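Counting in the numbering used here, the sequence shown runs from 148 upward without gaps.
Derived from the structure by calculation, the hints contain no laboratory data.
There's no promise every hint is true.
Okay, the calculated beta carbon distance ranges per label pair [unchecked claim]:
| hint | residue 1 | residue 2 | range |
| --- | --- | --- | --- |
| 1 | A195 | N157 | 28 to 34 Å |
| 2 | R166 | S243 | 44 to 50 Å |
| 3 | K239 | G152 | 31 to 37 Å |
| 4 | L153 | Y217 | 40 to 46 Å |
| 5 | A244 | G214 | 24 to 30 Å |
| 6 | E151 | F210 | 43 to 49 Å |
| 7 | K158 | G214 | 53 to 59 Å |
| 8 | I241 | K155 | 43 to 49 Å |
| 9 | R154 | A212 | 54 to 60 Å |
Remember, predicted model here, so these are calculated numbers, not experimental data.
C-beta: ideal position from N, C-alpha, C; glycine also.
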Amino acid sequence: ISIEGLRKGNKYSLMVVIRERPKMSDHPAESFEGGKSVILDGFKAVFAHDAVIRPEECGGPVFDADGRFYGINIARFSRTSTVAMPKAEVYKFIASAI
């Protein structure tokens, strides 16, 4: 990406290559089978739940015990947390796309 700014009255431009997020620590909680999703934050509206899915399994629906649709899995955040987009946001996205 290109970043432009102004420092002490002088304009500047930087080219930045976005790479995989560095590991936050060597704590065992950071290392788990399947690993985290590459993109974990910056989402407009989300909720977390404890279903165990791998990052490559994201995109599937989230239902409650009575079969009601709640949202779509979008990221594996940790060993115990998966992030999902609520159904209201899913519906807004679909409406804007058609």
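Hint check results:
{"no.": "1", "hint": "A195 / N157: 28 to 34 Å", "verdict": "44 Å, violated"}
{"no.": "2", "hint": "R166 / S243: 44 to 50 Å", "verdict": "30 Å, violated"}
{"no.": "3", "hint": "K239 / G152: 31 to 37 Å", "verdict": "33 Å, holds"}
{"no.": "4", "hint": "L153 / Y217: 40 to 46 Å", "verdict": "45 Å, holds"}
{"no.": "5", "hint": "A244 / G214: 24 to 30 Å", "verdict": "25 Å, holds"}
{"no.": "6", "hint": "E151 / F210: 43 to 49 Å", "verdict": "45 Å, holds"}
{"no.": "7", "hint": "K158 / G214: 53 to 59 Å", "verdict": "57 Å, holds"}
{"no.": "8", "hint": "I241 / K155: 43 to 49 Å", "verdict": "47 Å, holds"}
{"no.": "9", "hint": "R154 / A212: 54 to 60 Å", "verdict": "56 Å, holds"}
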